[in-house]
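K.L.:
Modelling step: build the complete structure from the supplied sequences, incorporating the hints.
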Amino acid sequence: MMVDRKEIAHLGDLVKVDLKDPEKYIAQVEQILNYFEGLDKVDFKSEKTLRNEIQYDDLREDKYEKFSSDGRPLVDFLKKAQDNFVRAPKMI
Amino acid sequence: MSLDISATEYLSLVREGGLSVEEFVAKTLERIAKVEDRLHAFITIDSQKSAERARAIDKKIKAGERTGVLAGMPVSVKDNICSTGMRTTCASKMLEGFVPPYDATVVSRLKAEDAIILGKVNLDEFAMGSTTEFSCFGPSRNPWNTDYVPGGSSGGSGVSVSALECMASLGSDTGGSVRSPASFCSVVGLKPTYGLVSRYGLVSYSNSIEQVGPVARRVEDIALLMNVIAGHDPHDDTTAKRKPDDYVQDLDAGIKGKRIGLVKQMAGEGLEKEVSSATEAALARLQDLGAECVTVSLDAIEHSVAAYYTIASAEASSNLARYDNLRYGFDFGNEGYEFKAYVSKVRGNFGPEVTRRMLLGAFVLSAGYYGKYYLKAQQVRAMIKSQIDDAFKTVDLLVSPTMPILPYKIGEKIDDPLKLYLLDINTITANLAGIPAISVPFAISSAGLPIGMQLLANSFEEKALLQAAFSLQQSTRLPGVPI
Numbered sequence: 001m002m003v004d005r006k007e008i009a010h011l012g013d014l015v016k017v018d019l020k021d022p023e024k025y026i027a028q029v030e031q032i033l034n035y036f037e038g039l040d041k042v043d044f045k046s047e048k049t050l051r052n053e054i055q056y057d058d059l060r061e062d063k064y065e066k067f068s069s070d071g072r073p074l075v076d077f078l079k080k081a082q083d084n085f086v087r088a089p090k091m092i
Numbered sequence: 001m002s003l004d005i006s007a008t009e010y011l012s013l014v015r016e017g018g019l020s021v022e023e024f025v026a027k028t029l030e031r032i033a034k035v036e037d038r039l040h041a042f043i044t045i046d047s048q049k050s051a052e053r054a055r056a057i058d059k060k061i062k063a064g065e066r067t068g069v070l071a072g073m074p075v076s077v078k079d080n081i082c083s084t085g086m087r088t089t090c091a092s093k094m095l096e097g098f099v100p101p102y103d104a105t106v107v108s109r110l111k112a113e114d115a116i117i118l119g120k121v122n123l124d125e126f127a128m129g130s131t132t133e134f135s136c137f138g139p140s141r142n143p144w145n146t147d148y149v150p151g152g153s154s155g156g157s158g159v160s161v162s163a164l165e166c167m168a169s170l171g172s173d174t175g176g177s178v179r180s181p182a183s184f185c186s187v188v189g190l191k192p193t194y195g196l197v198s199r200y201g202l203v204s205y206s207n208s209i210e211q212v213g214p215v216a217r218r219v220e221d222i223a224l225l226m227n228v229i230a231g232h233d234p235h236d237d238t239t240a241k242r243k244p245d246d247y248v249q250d251l252d253a254g255i256k257g258k259r260i261g262l263v264k265q266m267a268g269e270g271l272e273k274e275v276s277s278a279t280e281a282a283l284a285r286l287q288d289l290g291a292e293c294v295t296v297s298l299d300a301i302e303h304s305v306a307a308y309y310t311i312a313s314a315e316a317s318s319n320l321a322r323y324d325n326l327r328y329g330f331d332f333g334n335e336g337y338e339f340k341a342y343v344s345k346v347r348g349n350f351g352p353e354v355t356r357r358m359l360l361g362a363f364v365l366s367a368g369y370y371g372k373y374y375l376k377a378q379q380v381r382a383m384i385k386s387q388i389d390d391a392f393k394t395v396d397l398l399v400s401p402t403m404p405i406l407p408y409k410i411g412e413k414i415d416d417p418l419k420l421y422l423l424d425i426n427t428i429t430a431n432l433a434g435i436p437a438i439s440v441p442f443a444i445s446s447a448g449l450p451i452g453m454q455l456l457a458n459s460f461e462e463k464a465l466l467q468a469a470f471s472l473q474q475s476t477r478l479p480g481v482p483i
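Protein sequences, first through last, are from chains H and G.
Just so you know, we're using our numbering here: the first sequence kicks off at 1 and counts up by one.
Just so you know, we're using our numbering here: the second sequence kicks off at 1 and counts up by one.
Treat the hints with caution; some may be incorrect.
Stated by the list, open to error - Covered by chain H, per the in silico footprint, the following chain G stretches (three or more residues, Cβ under 8 Å):
no.	stretch
1	309 to 319
2	358 to 364
As the list claims (entries may be wrong) - Calculated lysine-lysine pairs in the DSS-like style (CA-CA distance at most 30 Å, straight line):
no.	chain 1	residue 1	chain 2	residue 2
3	G	Lys93	H	Lys6
4	G	Lys111	H	Lys24
5	G	Lys243	G	Lys264
6	G	Lys345	H	Lys6
7	G	Lys345	H	Lys20
8	G	Lys264	G	Lys345
9	G	Lys49	H	Lys79
10	G	Lys345	H	Lys80
11	G	Lys413	H	Lys79
12	H	Lys41	G	Lys385
13	G	Lys340	H	Lys90
14	G	Lys409	H	Lys20
15	H	Lys80	G	Lys34
16	H	Lys41	G	Lys419
17	G	Lys409	H	Lys24
18	G	Lys49	H	Lys66
19	G	Lys345	H	Lys24
20	H	Lys48	G	Lys264
21	G	Lys413	H	Lys66
22	G	Lys372	G	Lys413
Calculated from the structure, these hints are not laboratory results.
All values derive from a computational prediction rather than experimental measurement.
Glycine included, C-beta positions come from ideal geometry on N, C-alpha and C.
P.N.:
Here is the structure:
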């Protein structure tokens, strides 16, 4: 597996990170992915993966509970709250 | 009164009124003030509230009121476990200024039993790392030699317990993060069975493999903490509904007649010489204590590091997608930014190891590669579990050195992530298989660095695991921490 600047930039875009120094990740990500390729050589006797199925027949009552922490509503903990809204950057 | 007292002894003295919690906590805080600039175990220290809590507990005891089983026990908590009113940073700039509005279940259980949380301790950013060097606050240092790493990611837990800055600590273990610092700092660290301890309030990194685990100087103190933190939690549906055992009772039952298997793949070529001789000595010791030692081969371990880092990176990239710095996090205004540009800009503040794992995670999950990496990794995981299940049909416990090498110097391996990943070979198996594992101090190298032994048991067999760990501890005499 060859990793180049374009691939790292694409991955940066996927994980929504503005990479300050994309160059420094190229060699390391390539080396680690090459190591992961060993997984391709495993001789599997079975195709199974671990599953843990749980039957839910005693779900709790769907009841509204007001959250408060030391008597403060959750909205008090938001850093850019205005009334009951979060101030976010513009979408377009 | 020495600070190096077992919790069991301390708590009984406190209950009988023979020891003042206020004095002991004050002495512990003095100790922290004395050594902290050399060790950097803590991110946050809450001296004032700790002293107030200590006074309140003394008052309760004097008045003959009921107190919790951990009354007056000074503990530290890894800073990726939420605590009301105390900032929780995950050693990341991304969580700067974040004060959780709720307690993790493990924290509320400690508080309900009157433990005193002195503060929050250092870790690799979001628990990703094995040296504590990836903390945005800088590394913690090994109390046995401050030029060396203390292990990680729960490095602050290992250091604070080892250097007598607290009596015990809560860490989290995703691939060895409790056991590695336990081994490197000569303390005891337990990774419980997946589902035995609640993860509610533990900041998620790799949900399918991580567990909160206790760190202490003695096995009996680990048992005591497990009696408090283990058990079903309605806030965490991955906790098992079974009633946990009493881990303190019969802790001294011994290991006579137990069959213990040395894992061949964890004790082979990669071991440093002194670790290898310590492992041989540990096997001889276990035999002297009445166990029968055999060798067990788990050949799927050859692929465990690749499988582990594929799964952990995939889960990390999904979990960390939630951080956008809009509702909490460091102070950075969003005026003038377009939404996506803002989110990408602020997320550029994740440190190098977290970023690397998110990039890897995005890659192994992306279209065209999922079957080649992620699915194969899950198949290796199933294979490891199946081999472990088979092994426990013939042995009661497994054993290996916790870490294949001795602690190393700060900065020595930080630029070679793959080399660091490969050092997790002995610890990640327990996480992939969901089984419990404990690191017990066993030897000190010729250069004065600690060596720990790891014992592993089948799922929910913590009682037998702790009994074996206790036997090993009782037969081992080690020097006190030199700092």
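K.L.:
So, for every hint listed, does it hold in this structure?
P.N.:
Consistency of the hints with the structure:
Residues of the stretch 309 to 319 of chain G with a Cβ under 8 Å from some Cβ of chain H number 3, which satisfies the need for three, so the listed coverage holds. Residues of the stretch 358 to 364 of chain G with a Cβ under 8 Å from some Cβ of chain H number 7, which satisfies the need for three, so the listed coverage holds. Taking the CA atoms of Lys93(G) and Lys6(H), the gap is near 27 Å; set against the 30 Å cutoff, the hint holds. With a C-alpha separation of about 44 Å, the suggested pair Lys111(G) and Lys24(H) falls outside the 30 Å cut-off, and the hint is violated.
Taken as a hint, the Lys243(G) and Lys264(G) pair is broken in the structure, with Cα atoms around 34 Å apart against an allowance of 30 Å. For the hint pairing Lys345(G) with Lys6(H), the CA-to-CA distance comes to about 19 Å; that is within 30 Å, so the pair holds. Straight-line distance between C-alpha atoms of Lys345(G) and Lys20(H) comes to about 9 Å, which keeps the hinted pair within the 30 Å bound. Distance check on the hinted pair: Lys264(G) and Lys345(G) sit about 47 Å apart at the alpha-carbon level, beyond 30 Å; violated.
This hinted pair checks out: Lys49(G) and Lys79(H) have alpha carbons roughly 25 Å apart, not beyond 30 Å. Of the supplied pair hints, the one linking Lys345(G) and Lys80(H) holds, its CA atoms being roughly 18 Å apart against a limit of 30 Å. Between the alpha carbons of Lys413(G) and Lys79(H) the distance comes to roughly 38 Å, so the proposed pair goes past 30 Å and is violated. Taken as a hint, the Lys41(H) and Lys385(G) pair is honoured in the structure, with Cα atoms around 19 Å apart against an allowance of 30 Å.
Restraint check for Lys340(G) and Lys90(H): satisfied, since their Cα atoms lie roughly 9 Å apart, inside the 30 Å limit. Under the criterion of a C-alpha separation no larger than 30 Å, the hint pairing Lys409(G) with Lys20(H) is consistent with the structure, at around 28 Å. Taking the CA atoms of Lys80(H) and Lys34(G), the gap is about 39 Å. The hint is violated against a cut of 30 Å. A C-alpha spacing of about 21 Å is found between Lys41(H) and Lys419(G), which places the hinted pair at or below 30 Å, so the restraint holds.
A hinted pair counts as satisfied when its Cα atoms are at most 30 Å apart, and Lys409(G) with Lys24(H) qualifies at roughly 23 Å. Only pairs whose Cα atoms come within 30 Å are accepted, and Lys49(G) paired with Lys66(H) is accepted, the gap being roughly 28 Å. Note on Lys345(G) and Lys24(H): the hinted pairing holds, with a Cα-Cα distance of about 18 Å set against a maximum of 30 Å. About 25 Å separates the Cα atoms of Lys48(H) and Lys264(G), which keeps this hinted pair within 30 Å; it holds.
In summary, the hint linking Lys413(G) to Lys66(H) is not supported, as the alpha carbons are separated by about 49 Å, beyond the 30 Å threshold. With a CA separation close to 29 Å, the supplied pair Lys372(G) and Lys413(G) stays within the 30 Å bound.
Hint violations for this structure: numbers 4, 5, 8, 11, 15 and 21, all remaining hints satisfied.
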